[in-house]
Amino acid sequence: MTKSEQSTKQNKVCLETKLNGLTLRNPVLTASGTYGFGEEYAPYCSVAQLGAITVKGITPLPRLGNPVPRLAETPAGLLNAVGLENPGLEDFRKNYLPKLAALDTAVIVNISGFSLEDYALLAGTLDEASAEYGNCIKALEVNISCPNIQDGGMAFGTDPQSAEQVIALVRKNTKLPIIAKLTPNVTDITEIAKAVESGGANIISLINTLLGMSIDISTQRPVLANKFGGLSGPAIKPVALRMVYQVFEAVNIPLIGMGGISTWQDAVEFMLAGASAVSIGTANFVNPLAPLDVLHGLVDYCEQRGYKASRELVGLAH
Amino acid sequence: MTKSEQSTKQNKVCLETKLNGLTLRNPVLTASGTYGFGEEYAPYCSVAQLGAITVKGITPLPRLGNPVPRLAETPAGLLNAVGLENPGLEDFRKNYLPKLAALDTAVIVNISGFSLEDYALLAGTLDEASAEYGNCIKALEVNISCPNIQDGGMAFGTDPQSAEQVIALVRKNTKLPIIAKLTPNVTDITEIAKAVESGGANIISLINTLLGMSIDISTQRPVLANKFGGLSGPAIKPVALRMVYQVFEAVNIPLIGMGGISTWQDAVEFMLAGASAVSIGTANFVNPLAPLDVLHGLVDYCEQRGYKASRELVGLAH
Amino acid sequence: MYLKVRVIENRFVGHPSQKIYRLVLSGQLALKAKPGQFIHLRVAESHDPLLRRPLSIAGIDREQETITIYYRLMGKGTEALSQIRENDYISVIGPLGTSFTLAQKGEILLIAGGIGIFPLFSLLEAIDRTKVQVKLFWGGEHKLFLESAGLNYLQKLGIDYELATMDGSLGHKGLVTDLLQGYLEKRALNSNPALQSNRGLAPLSAAACGPKGMLQAVVNLCKQHEIPVEVSLEERMACGVGACLGCVCTVREEGGILRRKRVCKEGPIFAGEEVVWDDEI
Amino acid sequence: MYLKVRVIENRFVGHPSQKIYRLVLSGQLALKAKPGQFIHLRVAESHDPLLRRPLSIAGIDREQETITIYYRLMGKGTEALSQIRENDYISVIGPLGTSFTLAQKGEILLIAGGIGIFPLFSLLEAIDRTKVQVKLFWGGEHKLFLESAGLNYLQKLGIDYELATMDGSLGHKGLVTDLLQGYLEKRALNSNPALQSNRGLAPLSAAACGPKGMLQAVVNLCKQHEIPVEVSLEERMACGVGACLGCVCTVREEGGILRRKRVCKEGPIFAGEEVVWDDEI
Ligand SMILES: Cc1cc2nc3c(=O)[nH]c(=O)nc-3n(C[C@H](O)[C@H](O)[C@H](O)COP(=O)(O)OP(=O)(O)OC[C@H]3O[C@@H](n4cnc5c(N)ncnc54)[C@H](O)[C@@H]3O)c2cc1C
Ligand SMILES: Cc1cc2nc3c(=O)[nH]c(=O)nc-3n(C[C@H](O)[C@H](O)[C@H](O)COP(=O)(O)OP(=O)(O)OC[C@H]3O[C@@H](n4cnc5c(N)ncnc54)[C@H](O)[C@@H]3O)c2cc1C
Ligand SMILES: Cc1cc2nc3c(=O)[nH]c(=O)nc-3n(C[C@H](O)[C@H](O)[C@H](O)COP(=O)(O)O)c2cc1C
Ligand SMILES: Cc1cc2nc3c(=O)[nH]c(=O)nc-3n(C[C@H](O)[C@H](O)[C@H](O)COP(=O)(O)O)c2cc1C
Ligand code: FES
Ligand code: FES
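Chains as they are written, first to last, in this note's numbering: chain H, 1401 to 1718; chain X, 1401 to 1718; chain Z, 9 to 289; chain P, 9 to 289.
The hints are simulated quantities; they were obtained by calculation from the structure and are not laboratory data.
Pulled a few chain H residues facing chain P out of the computed Cβ check, cut under 10 Å:
1. G1433
2. T1434
3. F1437
4. K1456
5. L1471
6. T1474
7. P1475
8. E1485
9. P1634
10. A1635
11. P1688
All residues carry an ideal CB built from backbone N, CA and C; glycine is no exception.
All chains, full assembly: derive it from the sequences and hints.
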């Protein structure tokens, strides 16, 4: 198929994705921590065709992250313990944001804190910073679910009260749409989802990684320098899909589904389960064109079944 | 290698496994629900070489279980929603137990209930029944973690108080060693582990399956008739291993590790993480000789590294 | 048996669009296999796809010690299987499950829907056609499918068959059960009560394999006409040996009590009358 | 570049016990590739193994448009790779990462540990040996390994080399760094301050690839002798393009500030002096 045929094709199905204050040209995003700052994959996959990119989690201060090894492959999965390596808020604002502003795609900034104050600072500063650069930040994704740091992060995401508190505080400090990113390492995901909805989140994204580990039987030590890491990739898809399905029934705000999506079929499953948009993470590492393959497959699926808009799929499996 | 060489070999490494009241000839078991009642795999794998077999979960009354489809394959994983199909306590006692008693291996009976009374009844009756048949039941595995039934089951396993209560009640009703089987679908596995230890469990087995789902994009319905199912197989190994590692540091009773073990290397990882014994589940479906391959690999590993007993491996990765 | 067996042939047959492959395996399996049984095959060494795949035994050659399987590409399991090359070894458990009852005299009706024809091939081979009269009804999507899935094999065998296709491109346009119904009705009309003793001489039985809906219709027709019928069921399988309870069907026992049976162990061949269909529960 | 490339050769070289394979790939990659860079290769279509595998470019033939890779079987990724047959297509991202600086004159010392020799092959090819004098030090487990991993290629090239083996079965018994140390010490003794101008004429530089411990020792020796050295680092990789931050090493910037650099993007070739080794943090 030629490029122009492809684009005519996409035009037949409406892909516009309205997420309670965040409007994207299509429902296919890339997941935080897997797509750098939008430049790394540019030679392989045009960001102009993506619904949005989500940048690596930013913390107030720069972080070196964890020592290596940070990665361990598992059956159909990947363990990572990057430990939130990032340039820190100031450097991000000065040196990364201008470049992100120049990209022809919606930019979502993922933020991570170790205290309530951290989240307040991040939200307030990025709100201002976005205004400076032509409102280039389209939403803040609040990571209350990072498994790879000692304190904070995931702890906020495993207790409904704390989760609500963090989101409410971010809400006070920004006018940007808020995406609350949930950890799957909880007994009841719907409780946390309801809490962040009450806290004022516009959107919920799920799931972050499952806490896992791997042991090197020759050294008899954990493979990851950090001992534990976050499990992502196709292995976790059934868990992610179940949680999206459950949360869809529990809240009234839109969901961004992720966790093991590597094909368009996976993405359709997530939309049928209730995701209004999907994020591609680990699959980028295997196939840099995964987001576009997902997008094109989604369009074909809609066309073949006579859907006029991709949003018609959302929640159909209920 | 001839059979006799093999057995000489095993003799060089002591495999005897003492689990706080339950002594097994070796640390390789088969997992409940994956090994029928010990007969099905007999043509392929001799039960006489296994440390123990764990039979399918028994409930007070017979259960037809869930409608089909009960199975869905996922990347490196299997979703099942059998829904505790079983002959019920009376039929089990009359028609299955005598056959189990005749097997040349230790038999562990897995029990599941919908109420506290169910667990009490199961424990009491099986205690008697075992005595009738030459003390053929070596331990009761208390399943407080089944994800495939509407009430009870997993609910007991996600709340520390209930978990402790169930185990304490079983303790009152049986003199058999109690294995508490934990669900991984919780925020903090160590809490539950400590609770069942307080309740009087001799041993903890973990993990049961992760709750997941799969959607058929052609029918737009969940694949499993029961909607959700339990995820097992290599995909969940990193999560299982992490939980064994955490629980090993939290309690003082021995652990039986399971979840995605398919090779001897996997089994060694679990032992290094803190499991005193390992159970093979889904891997049997792929390779009926998996338990023996695990056993032989374990022996070789011990020999090559100069361990005199397999128990020396337990917890070395800490 | 749990064996590594050698692949003698693994190739594409018929029209490419129909994606049908023939797989020939060498080994002792052939000495034990009976028509209607299946093997449980490991399609790859990796964990993805994880599970074995059940495939019916379509041909048994005891002299050459080979069995033949026909399979259609469906998803990643059969896709992986199709990549295996001749002389590679693959891991097989089998033969597994129950087999068709072999009629010794009279007439047997075989009814196949789509690739449900494959297990019937081995039954056809095994029936002593000098003693038993065979009549086969086979329905499929279209001519191309039937041709790709073994029509010329049937022609070579020289048995009596009737075909149906959904698009009418070959044989009757419609369902295979239409053919069966027509045949049974005609037969009922012709059966002269005065000749009833003849009936005893040529006991009629049936065997069917295909989609659940078709099997249900076949069983109902056979009930009406009081013909014992055996059906070959399919269900998703994990262990294949009766250990996981993943593959059950529902049966009605004396007294109307519902019970589960395992398709891999008490099946895949069931007496039609005992099966309780999904919509009847 | 992100391409499907054709496999021209994928076979086993040397002694079977050493499990070393040569992989030759066809395609435009060759036009861009530089010594020291690597490719990121998808070894299977299934999800297990999931990740691509990074492998150094060991040979670049711009005329034939081929690149050559040498790899050793380690685990399931390289195992899966070894199953790929000639004329199959595989998915490649690359060439990726930084390359060695090409010395234009003087003398270059190459130091390789084990399979660290592979990326140095492409450097060896690229150096204009009419202008630059090359001296190679290579250490390995034993004779069999060195022979399997390309000793005869070195002999054919006719360069000056010294070998070390752990068991003494070929060359010096001990570490490759012993050889380097000996050489540098002898050279220091011989360097007559009076002849210091000669030094300017033949600037000395070094490039090394091998296990971390060896690289650290090499960098220390080179520091002592004031020789600029480039090292090729290895680290577990997921994306290979700088997006995941999985593959970092630590470097010391001006002012002593520690920073991470990505081995896949700012590396794999680093100036030896900037690298902070694990035990120095
Ligand atoms: C007893 C028995 C005999 C069979 N004989 C044949 C045969 O001779 N020729 C043939 O082409 N096919 C036969 N099938 C169907 C065959 O097993 C499936 O087509 C095959 O498993 C599909 O695997 P896949 O990975 O290609 O498809 P996918 O759809 O990707 O499979 C996904 C999962 O669903 C299961 N599954 C999908 N379809 C079926 C099905 N129809 N029955 C059971 N499980 C299914 C698979 O085993 C796998 O676990 C038989 C099935 C059974 C139970
Ligand atoms: C830049 C670079 C260049 C390389 N060049 C070569 C080469 O030319 N020839 C060669 O034989 N090997 C080379 N390696 C090492 C090669 O990538 C590993 O041997 C290979 O990934 C092992 O995969 P496996 O699945 O067979 O082993 P496993 O041990 O099963 O791998 C498990 C996981 O660990 C990772 N891993 C294991 N060992 C290494 C390693 N040494 N470096 C990085 N990741 C590792 C794998 O990628 C995988 O994710 C290179 C590595 C890097 C980073
Ligand atoms: C290497 C890596 C780094 C990640 N870093 C972050 C992060 O900084 N912030 C965050 O919210 N999620 C992070 N994630 C989680 C992903 O955004 C995503 O939620 C998860 O990987 C599941 O999706 P996947 O299976 O498609 O990868 C990271 C994941 C990976 C693999
Ligand atoms: C088909 C199937 C049925 C199961 N039935 C039971 C059960 O009845 N009781 C129980 O405690 N666990 C049951 N389990 C869970 C297993 O015993 C085991 O905990 C789990 O599958 C993880 O191990 P694995 O990955 O090795 O399979 C079942 C698992 C499977 C796959
Ligand atoms: S497939 Fe396991 S019981 Fe039939
Ligand atoms: S491998 Fe992802 S940053 Fe280097």
